[in-house]
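Number of protein chains: 2
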Amino acid sequence: MKRYLILAEGFSHDPHYGKTMRGVVRYRPHPVVAILDSKRAGETYEGIPIVASVADALPGEPTTALVGVAVAGGRLPPEWRGILRSAIEVGLDVEAGMHEFLADDPEFADLAAKQGVELRDVRRPPADLSVPTGANLTHGAQVVLTVGSDCAIGKKTVALELDREARRRGLRSVFVPTGQTGIMIAGWGIAVDAVVADFLAGAAERLVVEGAERGDLLWVEGQGSLLHPQFSGVTLGLYHGSAPHVLVLCHAAGSTEIEGCPGHSIPPLPELVELHERSALPARPAKVAAVALNTSRLGDDESLQAIEAAERETGLPTDDPVRFSPVRLVDAVLDRLPAQDQLEAPGIRAG
Amino acid sequence: MKRYLILAEGFSHDPHYGKTMRGVVRYRPHPVVAILDSKRAGETYEGIPIVASVADALPGEPTTALVGVAVAGGRLPPEWRGILRSAIEVGLDVEAGMHEFLADDPEFADLAAKQGVELRDVRRPPADLSVPTGANLTHGAQVVLTVGSDCAIGKKTVALELDREARRRGLRSVFVPTGQTGIMIAGWGIAVDAVVADFLAGAAERLVVEGAERGDLLWVEGQGSLLHPQFSGVTLGLYHGSAPHVLVLCHAAGSTEIEGCPGHSIPPLPELVELHERSALPARPAKVAAVALNTSRLGDDESLQAIEAAERETGLPTDDPVRFSPVRLVDAVLDRLPAQDQLEAPGIRAG
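Chains as they are written, first to last, in our numbering: chain R, 1 to 351; chain G, 1001 to 1351.
Possibly wrong hints are sitting among the right ones.
Which residues of chain R face chain G? A partial, calculated answer using Cβ under 10 Å [what the hints assert, rightly or not]:
1) D14
2) V131
3) A194
4) L281
5) R284
Hints are computed from structural coordinates only; laboratory data are not their basis.
Cβ atoms here follow ideal geometry from the backbone N, Cα and C, with glycine treated the same way.
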């Protein structure tokens, strides 16, 4: 049984860079005994104590230190090396989702071998990836992809919430993880942003094919945005490789510019809907079935107004599945999904 | 002084998988003394003798064996190991552009060390890539990207031909290589399809920033297609990361389906123009200035008819720069490029 100490030094307050911590705390795949962030030691986050050091977390009996922050580009800030050393030295396994693999770092690898602990790099891609084979169009499951106007606005959370609601209804529904936090939450998956670029769609195909073995209705965690100046390639590769039948468009209410990228504007929602539908493969047209609005920066009244406005602008069912309810969004998706005997792509023949 | 033996076993006749061989033969960065393809030994290709074995090529005094075929996914067919061993054993350096790096293969690495020859993996990405910084919008050069309806239809060739014509006119024009063959021809570049997916746009940014140090007018070699079910992620990452001012749309006359992907149709040219313009970053809108039509499968009369038809359909200057002339295409691009003082993106301020 795993018990997590989440390492979030300097970022436990940050919704963007601390999104791995937030996701793991929210969905708690395993108990979280403490969060490490020396600048906020003594406070709590969602009822979990924040501590100043690995030693201070030991009374909670953690088994595993989890790197809870995602830095742009995925590389480890130098001040973190000491924290990771102390986690390994006290006998904790370490799970991380950076582009720089802990197990490939000679210092950490030696120390881990000496202490008999495991270093798990969840972003390390499978060694045998290749290009898609076409199996993404013929596996027989219904596929929904969450897409969005920016990074870190809730594409993963929306997929998790809608999957949960679908399972509540008795459907054989599966969350399909495509990034580090999703993998930590669900215990399987591939971080598609870490694969060789040529194999992006191949990795996405493998995920939906595996998802189709696990269930009938797949909620694929989206990545980035088609208009993100840094990550759009990952977004389109995941889109075409996962070959969704239906899209859910995620947006942070009120955002008009890509976070961290001044001058890169976010177009109005109807344009985003049209861009995403326009970008589908002709062999697998996909429509946006609903809008998931992240209203976490708004008050209650403003949130309802923002949802109504988005619904009016796009003509699509809109809700905040975290603040309010996933019910209408799941209804809208199920309405738009093709029937089981209509799932295959036009012009594509199975096997 | 390099002298190439091109290894093309089984593929010297194949315009798709043999495209590295064809590019290197066409632009001849170094003399090519022979092509190895046992099934066509005794024939010639563009005046170059085709031989059955490495030994048969030795009278031409090659210095370097170049892997001239690109297999899907970039992996080495097993039967090739023997050919590569014999090249190394007779003392040739080897250049290759596969995803599997020759220098990381213990057998080849040992043999190369013993023979004192070099193994050059041109697809190996720089170790220090990251996400774009915004320098792709402020470097001060004019950027043209070739895009297209499919792989292997001439996006690299069009960039090379238009660059040559621009240099003929006295412009400080530069071909910017983004794939293995382009790198072999130009002697620099990054194979963007081989980088970690998160760093796609960052690699493209680095290429245009380096290009801007080499000249004022950059012709960036496009990759894949926005509608290619296998490689579209690379295409969009390269598009947004290279942040072109103007696009040249490449298409193989008469093609209506992605090669090797039955059921994946290619939409009509006006739709392709619109899709590409629609997919630009709002901060760097790009228009298609011209259509480069690959008419290599048509007769002379049909070619002229196809060019006229494409011009009528799209309203854009169209030509086959290989069969006929790059002049009108370069004219059209120069007409559409923003003036030197208008190069920066709206809303982006130079560093």
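*Against chain G, with CB atoms and a cut of 10 Å, does the hint on D14(R) hold up?*
Nearest chain G Cβ about 17 Å off; hint violated.
*asked:* Given R284(R) as an interface hint, is its Cβ closer than 10 Å to any Cβ of chain G?
replied: 8 Å, holds
_Using the nearest Cβ pair, does A194(R) come within less than 10 Å of chain G?_
6 Å, holds
*Should the interface hint for L281(R) be scored as holding, given a Cβ-Cβ cut-off of 10 Å against chain G?*
6 Å, holds
*Restraint outcome when V131(R) is required to lie within 10 Å of chain G by C-beta distance*: The hint holds - V131(R) has a Cβ within 10 Å of chain G, the shortest such distance being about 4 Å.
When each numbered hint is compared with the structure, a violation occurs for hint 1 only.
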